[in-house]
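Colleague: Sequence:
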Amino acid sequence: MKKILMIAVCVSASGFLFAQTAQFGIKGGVNVASYHSNDNTDFNSVTSFHAGGLVHIHMTSRLAIQPELLYSGQGAENKPADLKAKLGYLNVPVLAQYMIGDGFRLQTGPQVGFLLSAKLKSGESETDVKDSYSGVDFAWTFGAGYLFPGTGVGVDARYNLGLKDINEGGPAKVYNRVFAVGLFYQFKH
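Residue numbers (our numbering): 1 to 189.
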């Protein structure tokens, strides 16, 4: 009975601590995406957007963990071939953040992405090519942000370095590269 009571107290305390340190939020912004290939194909960037939610969890006064759930438009363009790939991902980054001063933060961490859609545009025609791409992508994220003190509003810039070949069955290895800039809002708790 004492063990059950002790477990109940610990679970209740951890829930209370989580509620005191976690802030939920929303975010959105602009993506500039492209591919990197091992066969030196010259890809051009495409512009799209990202949007979703976040949970900012303070571990200490300087260290936080921030998981996010984001829709992210990605892809690339090959102008000489008149081809444009438009990919839609559900990305789940889990970032470690280090706070410097009153609002500045550095962030890094892994990201897993789940492919939702893939279209290839050639001239005026557009084809579904989801089966040509890997359904899952892995990336490492590096970035920085600034939370304006007392407002809950912040800006964020990051680079997602794709680590997994997304070209399903093709001879060339292709990796996502995304530079993202956006705004976020952390709700008060």
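One should not assume that every hint holds.
Quick list of in silico lysine to any residue cross-link-like pairs, SDA-like style, CA-CA up to 20 Å [stated by the list, open to error]: (1) Lys27 with Lys164; (2) Lys164 with Ser45; (3) Lys84 with Val153; (4) Lys130 with Tyr175; (5) Lys86 with Val153; (6) Lys164 with Gly52; (7) Lys86 with Gln107; (8) Lys86 with Phe49; (9) Lys121 with Val46; (10) Lys188 with Val153; (11) Lys121 with Thr41; (12) Lys119 with Gly182; (13) Lys164 with Ser37; (14) Lys27 with Ser132.
Just so you know, the hints here were simulated from the structure itself, not pulled from any lab data. Keep in mind the model is a prediction, meaning the values are calculated, not measured.
Colleague: Among all the numbered hints in the text so far, which are the ones the structure does not match?
Modeller: 1, 3, 5, 6, 7, 12 and 14
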